[in-house]
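Colleague: Sequences listed follow chains A and B, in order. Once you know that position 213 of the first sequence is 235 in the numbering used here, the rest is easy, because the numbers rise by one and skip nothing. Once you know that position 43 of the second sequence is 479 in the numbering used here, the rest is easy, because the numbers rise by one and skip nothing.
No false leads were mixed into what you were given.
Keeping only pairs whose Cα atoms sit at most 25 Å apart, straight-line, the calculated SDA-like set for lysine to any residue is:
hint	chain 1	residue 1	chain 2	residue 2
1	A	K130	B	Q617
2	A	K285	A	N273
3	A	K143	A	S194
4	A	K137	B	V602
5	A	K143	A	E181
6	A	K143	B	T621
7	A	K154	A	G192
8	A	K130	B	R607
9	A	K187	B	S631
10	A	K154	B	P603
11	A	K187	B	I626
12	A	K143	B	Y531
13	A	K137	B	A630
14	A	K130	B	H604
15	A	K143	B	G632
16	A	K137	B	P603
17	A	K130	A	E233
18	A	K268	A	Q252
19	A	K154	B	Q617
20	A	K187	B	T621
21	A	K137	B	S605
22	A	K137	B	H604
23	A	K183	A	E164
24	A	K143	B	I626
25	A	K277	A	T47
26	A	K239	A	D175
27	A	K285	A	I270
28	A	K162	B	L622
29	A	K143	B	R710
30	A	K268	A	N250
In short, the hints are calculated from the structure, not lab data.
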Amino acid sequence: MSTSTPTITPKLEVKSRATLPARPTKIAVEGLSFYYGHTRALQDISLEIPERMVMAFIGPSGCGKTTFLRTLNRMNDVIPGTRVEGRVAIDGQDIYASGADVVELRRKVGMVFQKSNPFPKSIFDNVAYGLKINRLTSNKAELEDRVEEALTDAALWSEVKDRLKSSALGLSGGQQQRLCIARALAIRPEVILMDEPASALDPIATSKIEELIVDLKRQYTIVIVTHNMQQAARVSDLTAFFLLGKLIEVNSTEKMFTAPDEKLTEDYITGRFG
Amino acid sequence: MISFFAGTDRTRRATSGLMTTLTALCTVVAVGILLIILSYIAMRGIGALNLRFLVDTPRPVGEGGGIGNAIVGSAVLLLLSCVVGIPLGISTGVYLSEFGGGAFATTVRFLIDTLTGIPSIVTGVFVYAVIVLPMNHFSALAGGIALALIMIPIVARTTEEMIRLVPHSLREGALALGAPQWRVTLGVVIPAAASGIATGAMLAIARVSGETAPLLFTAFGSRFFPRNLNEPIASLTVQIYNYAISPYDEWHAQAWAATLVLMTLILGINIIVRFLTRKRF
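Using the sequences and the accompanying hints, generate a full structural model.
Modeller: Right under this line is the structure:
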């Protein structure tokens with residue numbers, strides 16, 4: 023644990039963002055539908071995510087937010103019997119076009135999962151894995167630098183620098199999740215997808231991850247799925263509300279939590295259902 | 437204690453006591469039989485056991501002799517079977533678990549399960565027909581292949597099961613970093629299942645090191661130390677078999693001693709495996 027006292031006071035109010043800076047679109051989704059077998063999990067979703075911003079996906083369990091997140095780096099491809107319709111473009115390139123390189127896509131679009139999933143390897147090797155398989159470094163010194171940089175960016179370096187060679191499974195839950203973030207950062211992606219990254223963590227670890235997200239926004243486009251509306255309010259610039267596989271509303275987080283356009287959004291946010 | 441529950445509580449305790457006693461009794465019977473076998477072998481075998489017996493080759497009745505060539509022969513046969521059987525078995529298991537969703541894999545899985553159930557003597561006869569007859573002579577090679585055929589299904593199925601136990605989240609974690617499927621399997625999944633795979637391989641080794649029947653038709657046996665893989669080779673199990681069915685008391689005693697040696701070696705292999713594959717985290 024770090025020596026500074028972490029802020030655990032819930033910041034319920036939304037930070038004032040009178041005007042969001044205008045940024046070019048990083049991810050553009052058009053008419054996306056997704057099927058598990060015959061079940062349609064996502065219906066005709068269109069959405070744009072500007073670069074270097076944080077967009078939060080909220081909605082009740084089973085509404086399709088995780089499924090949608092996983093279509094953005096084609097992680098659903100590994101599930102048999104699934105089908106995608108529509109278009110997802112990252113930097114203007116359709117990632118589902120025939121001939122699109124999935125490996126290249128996932129290098130560009132990193133992912134942090136709900137449950138931390140460090141490899142049963144050393145802390146160092148966990149972070150180095152992506153660098154090694156993608157041959158991103160040319161020598162050992164460079165590899166070590168990149169690992170240190172990633173761990174520093176993930177606010178984990180000071181806690182693990184003396185035990186890089188020991189097992190990643192010996193870390194606490196919060197540290198394991200930050201290790202997974204470091205692992206994703208190491209290959210310098212452009213977009214980071216986070217699937218409820220703090221849902222299994224205590225308030226202190228959660229606040230560390232949240233501070234991290236706000237920091238990372240300067241360099242990365244971040245999409246985060248969360249069940250926790252305070253969390254969405256704290257970390258995100260934009261919020262998208264999903265219900266039963268449909269996108270109900272996308273707006274600036276401030277507007278979403280103060281004066282949403284849709285009645286359904288308001289009902290959900292004020293706790294009338296969900 | 438509230439009196440209302442007293443009756444049910446007494447019945448529950450009685451049932452629990454009865455079942456505990458029953459299961460304990462069964463355990464005692466099962467382990468007891470094993471202990472009797474082990475101690476009987478040790479008792480009968482220890483008499484003829486000495487250093488010379490462990491290093492000498494067999495001699496005619498009345499002249500002593502030993503099982504040195506059989507120990508070396510068994511080691512050679514095991515090594516051969518591992519070289520052939522373990523890579524094939526592990527590869528099959530990896531294929532079945534990582535890529536085996538279709539009808540082909542289901543068929544393979546069914547065939548492997550059938551193969552596991554084939555009596556080992558049938559394997560011996562098969563190798564006799566396919567390798568020994570065309571070559572016109574018994575050989576260590578044929579023996580090693582016969583043992584490998586017994587190992588493959590065991591190794592394949594344990595490997596498959598062990599790899600299935602690797603959480604899916606690890607695979608997704610590696611895929612999300614831009615790893616191609618084959619690198620995920622080689623670099624993340626197999627290492628995560630390594631200790632389980634090793635246990636499976638060792639179980640297979642322990643299993644075939646006790647096989648006699650397939651060796652009778654393939655390795656045949658020999659009274660000399662092995663010089664190359666293309667000639668008949670001695671093994672502990674065949675040696676025990678030959679001595680046990682002989683009419684001489686001296687050979688009977690040597691058969692018991694050889695059994696004790698074989699048992700100790702298998703026990704040794706098991707202990708080494710337990711040590712190598714113990715949980716590290």
